[in-house]
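Engineer: Chains as they are written, first to last, in the numbering used here: chain A, 1 to 245; chain B, 246 to 327; chain C, 328 to 461.
Some hints could be false.
Stated by the list, open to error - Mimicking DSS-like on lysine-lysine, the simulated pairs with C-alpha atoms at most 27 Å apart in a straight line are: (1) K321/B <-> K271/B; (2) K321/B <-> K449/C; (3) K321/B <-> K456/C; (4) K440/C <-> K321/B.
The hints are simulated quantities; they were obtained by calculation from the structure and are not laboratory data.
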Amino acid sequence: MDRYLVLIVLLVFTIISALVLAWLNLLNPPTTIKTLGLTYIENTYFGPYSSMSPEAVTAIVWDYRGLDTVYETAVFFLAIVGGLSVFRGVKTRASTMKGIGLTGIAKTSTKIIAVMIVGASASIALHGHLTPGGGFQGGSTLAVAFLLIIPVFSVYSLLNMNITSEKLIATRGIALTAIGIVALLPVLKNLPLVSNISFYPSHIAGMLTSGSLFFYNLFEYIAVASGFTAVFIYLSLAGVESEEK
Amino acid sequence: MILTILLLVFSSLLSLVFVYLAVTEKNLLKAIGFSAGQSIAYSIILHVFAATDIVLTYIAVSVGIYSAVLVYVISKTEKYEV
Amino acid sequence: MSTEAFAWSILLIVIVLNSLISIYGIVYRRSLVKKLISLTMLSDTVFVIFIMIGYRIVYPSVPPIFTSLTSEDLEYLRQHAVDPLPQALVLTGIVIGMAVNALIAFGIIQAYKLQGTTDARKLVEAALKEVPEE
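Please take these sequences and the hints and turn them into a complete structure.
Structural biologist: Here's what the structure looks like:
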């Protein structure tokens, strides 16, 4: 009961001190944004430094601050590799073991929902340069689909479908290499690293693809989804070995 | 406009409640549940702040993936904090 | 006294309290899993601070995304859009933080396999015992 008393004291303290602060008129929310943010909004589609994307956030992530994001992707790579190297010995090949999974009702509804999640995540990722979304968002949404499949169908069904963690890590490596290549290609024409509109075409077959943003989103989508799925497979297999013995 | 302010106040106080309960809870499974509740409160705040891109990532990562990873960790280790 | 200032103050105080409670959880709670939960809550609080910096209170405030590619829309966004830069920074931060926390989760499982406990103090004691005496 002590716990809830402290909680009530915290809530009352919050409301009273907020009333005092508001009465003193000390804190007022801003009504303008910084000039830098305004510059990005003005330049993202119109303006002299255009990246031909109606979505300012994706334009900053992969064009204006593209080099930052490429390095952050490198941190992502190292974090996942570090995690997986802790469990080097875990057997992840398809084995004779068969998981039971949950009941038929759960399996059928999971099938329907998983397909819907895959569709939604692809739409989030591939329209990332036009609507809210992008590679990071779509990839983490797609990982949720595998997250649902692993407990409902058991992890061995994934392994027997030949979705092993080695393959997923290889897929992730290929996608990250592709990101690196897309970032490096403009150097061939004596342009700076991670150039966008000056090297890549903004329209492909009449569709607005915003230069390199579309490719970055596509490859990051694959990389994030396969990296997280590999983590889940390792996590769900981690304790099994010792139990068998 | 009044709805924006109400949502902001409500979800802020909700997040405070969930953070406090999550930190003081002895049963780790319950603590994960409270942590997910805190994530929902924060995503309401992010929605009010017009950060649609963030909400799309944050919901998937924080409510879905974090909780699942932590539940896996607990199922391999201990369920109660001493 | 305006209602906006009241909501803004509540949010600021809640952010401060949430950070303090999370730091308490990281420092004083014994279980490593509890420390990890507190760490995720602390990083989420930091992300909310970032987004809060980029917000401006106009009605309606909209995301910085063009709905139609016209100059009227540009003028509308100039008056109503929130700052896109903090959003772009937080976006990568969430996913990278998730990967780093997965690494910590792997570490916790490995520590439990080796020592049979997730209690931070017992782990330290066990580690000290293993140091060979000179």
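Engineer: Give a verdict on every hint.
Structural biologist: Tested hints:
1. K321/B <-> K271/B: holds (17 Å)
2. K321/B <-> K449/C: Status holds; Cα separation ~18 Å.
3. K321/B <-> K456/C: holds (25 Å)
4. K440/C <-> K321/B: holds (9 Å)
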